[in-house]
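Protein chains in written order, with the working numbering: chain A, 1 to 289; chain B, 1001 to 1320.
These aren't lab readings, by the way, just hints derived from the structure by calculation. The structure displayed is predicted, hence computed values, not measured ones. For every residue, glycine included, the Cβ atom is placed at its ideal position computed from N, Cα and C. Please note that a few of the clues may not be correct.
[Said to hold, decoys possible] Pulled from the structure, derived: some chain B residues nowhere near chain A, Cβ distances all over 12 Å:
no., residue
1, ALA1157
2, LEU1257
3, PHE1268
[Said to hold, decoys possible] One-sided excerpt, in silico: chain B residues whose CB lies under 7 Å from chain A:
no., residue
4, SER1058
5, PHE1076
6, SER1078
7, LEU1109
8, VAL1135
9, TRP1142
10, VAL1208
11, GLY1210
12, GLN1215
13, GLY1284
14, VAL1292
15, ALA1297
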Amino acid sequence: MAAAVAERAPGTFRWSSLVPYAVLALWTLPIIVLYVWLFYSSFFPRIEGFRPIGAFTFDNWRFLWDPQSVPQMRNRPAILPLTLNTFIFSAMTSAVGLLISSMAGYAFSRLRFKGRRLMLGGVLLLHSFPSVTLLIALFVVLRALGLYDKLVGVILVQTAFALPFGIWIMKGFFDNVPWDLEMSALVDGAGRFRTWLRIMLPLVKPGLLALAVLLFVEGWNQFLLPFVFMPSGSQQTLSTLVKGILGEGRFVDYGLLTAVGLYYIAPVLILFVLAQDQLMRIYAGGVKG
Amino acid sequence: MARTEAVALRREATAAAWWRINATALLFMGPALLLVLVFFLAPVVITFTMSLTDLATSTGLSNWQWIGLENFARIFRSQFWLTILGNTVVYVAVVLAFNVLVGLGVALLTMHMEPKAGGVFRALWLLPRISPSVVYALLWVWAAASPPFGMLNYIVAPFGLEQRFWLQSDPWLIVILINGFVGASFGMLIFTSAIKAIPEDLFRAARVDGASALQIVRRITLPLIKWPILFVLVYQTMSLFASYEYIYLTTNGGPGLYATETWSLWAFHTALSNYYGNLEFAYGAAMSAILVLMGLAISIVLLRVFRFGQLVAEPRVEVE
C-alpha cells in the first residue's frame, strides 16, 4: 500500500519525485552524524568535530582486557559482572513479562469472566498512564517489601511497568487465532491451561518472539530503575556505568565513553537489524488510535 | 416435582460452570493482578497518602507525622515554583510541536518514497528510541561539548557564530533537540500505520484526476488521519509532563538554579536524588501527586474519546 502513494506511471520520471528524499535526508542528518561519530570515536585517540587526531587504535577498548590501566574504571565494578547483571535483568524481565502477559492476554481474549470489561479498561488506562510518576512511591513499596537494592525488586518493577503493553499485545495475537483449533481441543476434554500451553502458545510463536525481543531490549536499555532502586556497586548495570563515567565532569574521555557505549548498545543494534520488521510492527500496534 | 428438580439441577450446573470459568480466569489473571496491585495501584494510593505526611530520610520509615496539606502549601511558597512551572510549559509545548510536526513530516515523506527507502529512513528515526537512554544522551552531550570537541561548534562556525559550551550557554536548545529527535518516532509510527490503512483507491483516483502530491496530502491524507494526530497530541502531552530522563542526563535541570528544571525533574530531585543528603519523599510525592492526577485524567479521556467500548468488546464465541 505504501507503493500506491509513491506509485507513478512508468517512464515518467520527474525531478519533483526526488524532493522527499532530499528533505528527509537533511532532517535525518543529525541522527546519522551522531551514530557515525559513536562508531568512529571509539577507534581514535580523540576526535575534534569530525576530524580524528592520531591513528586508528583499539586503545579505547582497553576496558575490556585491561581495566586497571583505565583510570575511570578503577573504582568501579568489573565490566563482566556488570554485563552479566544487565543480561540477567533483561532476560528475567523478558521471560517473566512474557509468561504473565501471555496468560492474562489469553484470558482477556478467550474467557468471559466477571470484571473482564473493567480489568481490560484498567489495562488500557495503565497503558497510557505515565508510570514514571510512581517512582517515589515505589521506593517506599520496595523498602517495605525488603526488595530495595536487590535485583529481584527492580526486575519486578520493570516487569510490572511492561505488563499493560505486553497484555494488550498478547490479547491482540490471541484474537487473531481462529477458534476452530482451540474448540476441538476443548471438546476433546483438554483443560483451559493445557489448551493455552499446547495449542495456543505455539500458534502465536512469532508474536511471542517479537514481544520477547522488545521486552529484552527495554530491560537492557533501562536506566532510571536500576539507578534509583539498586544503588550499591555490586548489582549495577551497564547503564549506570555509562552514566557514572559521563557524570565525572566537563572534560570527559570521549574515546573511552564511546567505546563503552558502543559495547553496551551493540546487542540492541544487532537485535534491531535482525528483527526490525517485527519490532516496527509491534511498536506501531502497541498503541491503538 | 420432577420439573422443579430439573430446573434446580440445571441452575446448579450453570452455577458450577460460572464458578469454573471465573476460577480459570483467576488462575490466568492472578500473576498480572498481583503485580498491578503491588506496583501500580498501591503506589498511586501511597503517592497521595504520603503527600500528606512529612516522610523524609530524616524521619525514617517509622517516625513520620501527618501534616495535612502543608507539602502543597510549601510548593506554592517556594521561590522557584513559578520558574519551574514556566519551564515545564515551555518544554512540553515546544517539544510536543517538534515531535508531532516532525513525526508527521517523516511519515508523509517516507510514504511518498520507494517503500524500501522509506523503511530505511523510518528505521533511522527509530534509532534514538531503541538506544539506551544513557548512550543517546552521551551523543548529545558530545554534540554540545565545548571546543575543540563538539559537533555543533563546527556546524555553526561557517555562519560566524561564536564557539561555546552549549550545555552551559544554550541548555534549552539541547533539551529540545534531544527530546525532539527521540519523541518524533512515536508519531511517525502511529501516522505511518494510519496512512497505510487508507484504501489505496483514494490515492489512485486522486492521481488520475491530476492531483499533485501536496494536494493529496492536504485533501486526502491529513483529513483521514485526523484522529491519530489528536491521539498522539494528547498522549505525548502527558508523557512529556511526566518525563525527565533525558533532561536529567544532559543539563540535570541546570545550569545554575533551575534553568531547565521541569516539574517532574523537581519531584525526582526532591525525593530521590539531591546533594543535600535529606531525601524528602513526602514533599516530592506531593509534586508527583499533581502529575499522577493529571496522568489519570488524561488516560481516562483517551479511553473515552478513542472508542474504548469497541476495544473491550466481549469474546465472540464461548465454549462451556
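Comparing the hints with the structure gives:
no., hint, verdict
1, ALA1157, "violated (9 Å)"
2, LEU1257, "holds (19 Å)"
3, PHE1268, "violated (7 Å)"
4, SER1058, "violated (15 Å)"
5, PHE1076, "violated (19 Å)"
6, SER1078, "violated (17 Å)"
7, LEU1109, "holds (4 Å)"
8, VAL1135, "holds (4 Å)"
9, TRP1142, "holds (6 Å)"
10, VAL1208, "violated (10 Å)"
11, GLY1210, "violated (12 Å)"
12, GLN1215, "violated (13 Å)"
13, GLY1284, "holds (5 Å)"
14, VAL1292, "holds (5 Å)"
15, ALA1297, "violated (10 Å)"
The structure is inconsistent with the numbered hints 1, 3, 4, 5, 6, 10, 11, 12 and 15, although it conforms to all the rest.
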